[in-house]
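Undergrad: Note that the protein sequences, when read in sequence, are chains W and C. My numbering numbers the first residue of the first sequence as 44 and each following residue consecutively. My numbering numbers the first residue of the second sequence as 44 and each following residue consecutively.
Some clues are possibly wrong.
Note that identical chains are pooled: a pair holds if it fits in a single copy or bridges any two copies.
Stated by the list, open to error - Pairs of lysine to any residue residues, derived as SDA-like cross-links and limited to a Cα-Cα distance of at most 20 Å, are as follows: (1) Lys55 with Gly148; (2) Lys56 with Gly78; (3) Lys226 with Leu200; (4) Lys74 with Asp85; (5) Lys177 with Arg210; (6) Lys177 with Ala193; (7) Lys226 with Glu172; (8) Lys91 with Ser135; (9) Lys74 with Ser133; (10) Lys226 with Ala212.
I should point out that these hints are in silico values taken from the structure, not numbers from a laboratory. Owing to the predicted nature of the structure, the values given are computational and were not obtained by experimental measurement.
Spelled out from the first residue to the last, the chains are:
There are 2 protein chains.
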Amino acid sequence: MTSIEELTRLIKKLPGMGEKSATRLAYHLIKTDSGYNKALGDAIATLKDKIHPCPICGCYTEGEICEYCNSPTRDKTLLCIVEESQDVVSISQSGIYNGLFHVLGGAINPLNGIGPDSLRFRELRSRIENGDFKEVIIATNPTEEGDTTALYIRQLLRDREELQLTRLASGLPIGGELGYADKLTLARSLRGRIKL
Amino acid sequence: MTSIEELTRLIKKLPGMGEKSATRLAYHLIKTDSGYNKALGDAIATLKDKIHPCPICGCYTEGEICEYCNSPTRDKTLLCIVEESQDVVSISQSGIYNGLFHVLGGAINPLNGIGPDSLRFRELRSRIENGDFKEVIIATNPTEEGDTTALYIRQLLRDREELQLTRLASGLPIGGELGYADKLTLARSLRGRIKL
C-alpha cells in the first residue's frame, strides 16, 4: 500500500468520510505546505496525550481542573447538564450562560447498550448534594435519547425540591422557515409557544 | 489556545471543513483509539517526505518512476492526459484503460493566473515526439477550464497528423435521472448521442 493509499484508508475511518472525499483530502494534503502538514499531523497524534476529562464536570481540559470549574466569576448556583464535552463549547459560545457544566458523556440509549451506569450520573448526584445549585438546566439533545435522559435526570433529582429543573426550549431555528421545518419541530414549537 | 482549539483551527483549513464540522472532527478524535490517532497523524506529517511527482508522467509516486510508466504490460501507444494526479487513480480504477498517463498539474485558468506555462505541456510535447503513441485521450474535466485546456492540447498537437486525438464522453451519469441532470449535461448528452 502506498503512503497515499494508507492515508486515504485512515481518513476514511473518520465520520462523514467516503472513498471520494477521503481520496480528495489525501491528495489535497500533497499540495499543502509541509509546515501545515507537520502541525496538523502532530496535533492529531498528540491530542490524547494532552487532554483529559475534568474530574469535576467531565469536560475535556489540559489543566488539572477545567476553566469553567476553576473560574471564580462563574455563577455556582447554576448547573447545565449536557451530553458531550463539545456541547459545553457550543453553549459557552452562545454568550448568555455563566454557570457551571456537567458532562454526562452521552445519552441513555438501551439499544446501543448505554444505560444510566455508563454515564456520569453518580458524579452528578454527588455534585448536587455537595453544591449550592439553585437551578439545573437540562441541555441534552432534543432527540429520543436526549429526552429519555432528561426524564431520567428529573427522576434522579425529584427529592431535591428546592432545585429548579429546566430544559432548553425546542422550536424553529432562528433564520429557519416554517416550510422547511419538520413536523416534530413544528409540533414542539407550537406546544412550547410563548405569550407576547 | 488549547490543543482542541488548535486542532480545530488546523482542520478548518482543509477543503469542505467549516467551524462545526472541524469541531466535530476534533472531538471525534478524542474518542478514537490512540494508535489510530498516531497512525493518522504520522501519515499526514510524513506524506510529503515520502512521495514526489514521477519525472515522466507527473503522477505522485514513492518509487523513482511511477508504477504506470514502469509497467512492462501497459500499452505504450496510448496516452491519457489528465489534470491531476488523483484523476490517474480514478481512470485506473475504472478498469478499462491500460495505457500510459500524463498529468498536467491543473487546467488553463487565466483568471487564476494559470497559463500554459504553469502546466506540464513542454513535457507532453517531448514525450509525444520521443514516444510511440498512436492515440491521445484528453481526459481533462468537462468544465470551462478543462475544455479550454483540451482545445489548447489540440492546437499543440495539430502538426502530429498520425496521432488520433480523442476526448472522454460527456453526458448523463450512470444511475442518474433525466430530471436531476442540469441543462448543460443534457445538452452535451444530446449532442454526443450515439447510434444504437
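Undergrad: Which hint numbers does the structure go against, in order from smallest to largest?
TA: 1, 3, 7 and 8
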